[in-house]
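Student: Hey, can you work out the whole structure from these sequences and the hints?
Throughout, the numbering used here is defined as the position within the sequence shown, counted from one, plus 150.
Hint data in this document are derived by calculation from the structure and do not stem from the laboratory. Do not rely on the hints blindly, as some may be mistaken.
To be verified - 30 Å max Cα-Cα, derived DSS-like pairs, lysine-lysine: (1) K518 - K418; (2) K155 - K332; (3) K332 - K217; (4) K418 - K511; (5) K213 - K631; (6) K243 - K375; (7) K375 - K475; (8) K217 - K155; (9) K332 - K412; (10) K418 - K332; (11) K213 - K332; (12) K631 - K155; (13) K183 - K375; (14) K412 - K511; (15) K631 - K217; (16) K155 - K213; (17) K183 - K243.
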Amino acid sequence: MINYKLIVKIIGFLLFIEGICMLFALPFSIYYKENDTLHILLSTLVTASAGGLCWLLGRNASKSLGKREGFIIVSVAWVIFSLFGALPFVFSKAIPSYTDAFFETISGFTTTGASILNDIEALPHDLLFWRSMTQWLGGMGIIVLSIAILPILGIGGMQLFIAEVPGPVPDKLHPRIKETAKRLWAIYIIFTGVEAILLILGGMNFFDAICHSFTTMATGGYSTKQASIAYFSSPFIQYVITLFMFIAGTNFTLSYFALHLKLDRVWKNEEFRFYTGLILFFILIVTFGLFLTRNSGFERSFRDAVFQVVSIVTTTGYVTADYMKWAPFLGVIILVLMFTGGSAGSTGGAIKMVRILILFKNGFMELKRLIHPNAVIPVRFNHRAVPPQIVNNILAFIAFYMLITVVSVMIISSMGYDLNSSFGSVAATLGNIGPGLGAVGPVENYAHFTVFGKWFLSFLMLIGRLELFTILVLFSSSFWKK
Numbered sequence: 151m152i153n154y155k156l157i158v159k160i161i162g163f164l165l166f167i168e169g170i171c172m173l174f175a176l177p178f179s180i181y182y183k184e185n186d187t188l189h190i191l192l193s194t195l196v197t198a199s200a201g202g203l204c205w206l207l208g209r210n211a212s213k214s215l216g217k218r219e220g221f222i223i224v225s226v227a228w229v230i231f232s233l234f235g236a237l238p239f240v241f242s243k244a245i246p247s248y249t250d251a252f253f254e255t256i257s258g259f260t261t262t263g264a265s266i267l268n269d270i271e272a273l274p275h276d277l278l279f280w281r282s283m284t285q286w287l288g289g290m291g292i293i294v295l296s297i298a299i300l301p302i303l304g305i306g307g308m309q310l311f312i313a314e315v316p317g318p319v320p321d322k323l324h325p326r327i328k329e330t331a332k333r334l335w336a337i338y339i340i341f342t343g344v345e346a347i348l349l350i351l352g353g354m355n356f357f358d359a360i361c362h363s364f365t366t367m368a369t370g371g372y373s374t375k376q377a378s379i380a381y382f383s384s385p386f387i388q389y390v391i392t393l394f395m396f397i398a399g400t401n402f403t404l405s406y407f408a409l410h411l412k413l414d415r416v417w418k419n420e421e422f423r424f425y426t427g428l429i430l431f432f433i434l435i436v437t438f439g440l441f442l443t444r445n446s447g448f449e450r451s452f453r454d455a456v457f458q459v460v461s462i463v464t465t466t467g468y469v470t471a472d473y474m475k476w477a478p479f480l481g482v483i484i485l486v487l488m489f490t491g492g493s494a495g496s497t498g499g500a501i502k503m504v505r506i507l508i509l510f511k512n513g514f515m516e517l518k519r520l521i522h523p524n525a526v527i528p529v530r531f532n533h534r535a536v537p538p539q540i541v542n543n544i545l546a547f548i549a550f551y552m553l554i555t556v557v558s559v560m561i562i563s564s565m566g567y568d569l570n571s572s573f574g575s576v577a578a579t580l581g582n583i584g585p586g587l588g589a590v591g592p593v594e595n596y597a598h599f600t601v602f603g604k605w606f607l608s609f610l611m612l613i614g615r616l617e618l619f620t621i622l623v624l625f626s627s628s629f630w631k632k
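Tutor: As structure tokens, this is what we get:
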């Protein structure tokens, strides 16, 4: 029997936290003398009140939290956070359409970065900050944040962590989930602060530095400027953001080891070596491709290649150049990279490096098994045999990912979009990247989609962020049976 009262209670608690987080945008409205603070205060009141009501409805719930409750809470939390997180945009009338406001908000919480805004800089500073904060909160997972708090309620959090994105081969920092969550957030906050300081030293003002450090560490890609990072025209800023995008795309447990100078553990990790090698390989190709096909110097070609390859692979989605104007073969590379993603245990989206690595390993193992049919040849990762169940799970995930991509491309193309735009919008939303190709390229946005199109792409963002199965399992009749 699913413990619905406990689900309502936990969702209520999370909503109350979201309402409190909205207040962090208030000082920027006051500092920049934009005077209209009503939309933030009203949004906080509505959100916190709804959270309090849910808490009261579930106050007598038993503390029995199972795996099914974990999946429901993770899935529902993202939707509920986005439904209420859209209120500041609607109440301020900055985004009068609720569909558009929801799209912008779920794009934030899922760290996608797809936008419907034609003039980002027209938003007041408090909304720009809240927009960035949705990505920062979503980056490591609202649920992971709550894991450090839920023990206060006497509720264990392990089931939620299973549903939330640790990757198929997790390397836990600490056996107790509460301590793990605290350490992950400590690392997250440290890197956010260091990046903000470096951006300020590079010439950004305090507000822009905070917002961009939020969205970089979340691999979200929301910018306070319509031209994204290209606005700042600063090689130093571009290199700093590139470094932190790379860090955000790595497994956060490796960041923990690196901060404790256990660098051997970082380099011994096969996924990290694969992640680094793949990025360097494509940087090399794109650099020489740009140098040979574009009228620009080597440093500019190298800088654009480094930034855009890292931005796409980590699914951050910042832009410094319009890659739709690059040579066609470079555009194909960008599309391929949209399916890769960061490391497991990072804030990145898409398929993830560890899955691609194990897919390749399994392919080579199948060739060996054909040659030696009686041999037992397991897939190995980090010098350990990967259980067949995990290999099958990875193969199923990739199969579902590609199936959903194909079906979604057909749906988008039925709305009148060409194949380039259809593939680009699906890859960019399902992979939580943001900018795609064609009509949703790096200098375009998603405002031109129909209401149905925006809700459909919002659904792709959600299932992409929660790694497909967390959402798809809810559509299984066996999940709801006693």
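Student: For every hint, state whether the structure bears it out.
Tutor: How the hints compare with the structure:
1. K518 - K418: holds (25 Å)
2. K155 - K332: holds (27 Å)
3. K332 - K217: holds (22 Å)
4. K418 - K511: holds (17 Å)
5. K213 - K631: Status holds; Cα separation ~20 Å.
6. K243 - K375: Status holds; Cα separation ~20 Å.
7. K375 - K475: holds (21 Å)
8. K217 - K155: holds (15 Å)
9. K332 - K412: holds (20 Å)
10. K418 - K332: holds (25 Å)
11. K213 - K332: Since the Cα atoms of K213 and K332 sit roughly 22 Å apart, the hinted pair holds (cutoff 30 Å).
12. K631 - K155: With Cα atoms ~17 Å apart, K631 and K155 stay inside 30 Å; holds.
13. K183 - K375: With a Cα-Cα distance of about 20 Å, the restraint between K183 and K375 holds, given a limit of 30 Å.
14. K412 - K511: With a Cα-Cα distance of about 27 Å, the restraint between K412 and K511 holds, given a limit of 30 Å.
15. K631 - K217: Holds, at about 14 Å.
16. K155 - K213: holds (10 Å)
17. K183 - K243: holds (18 Å)
The structure meets every hint from the earlier list without exception.
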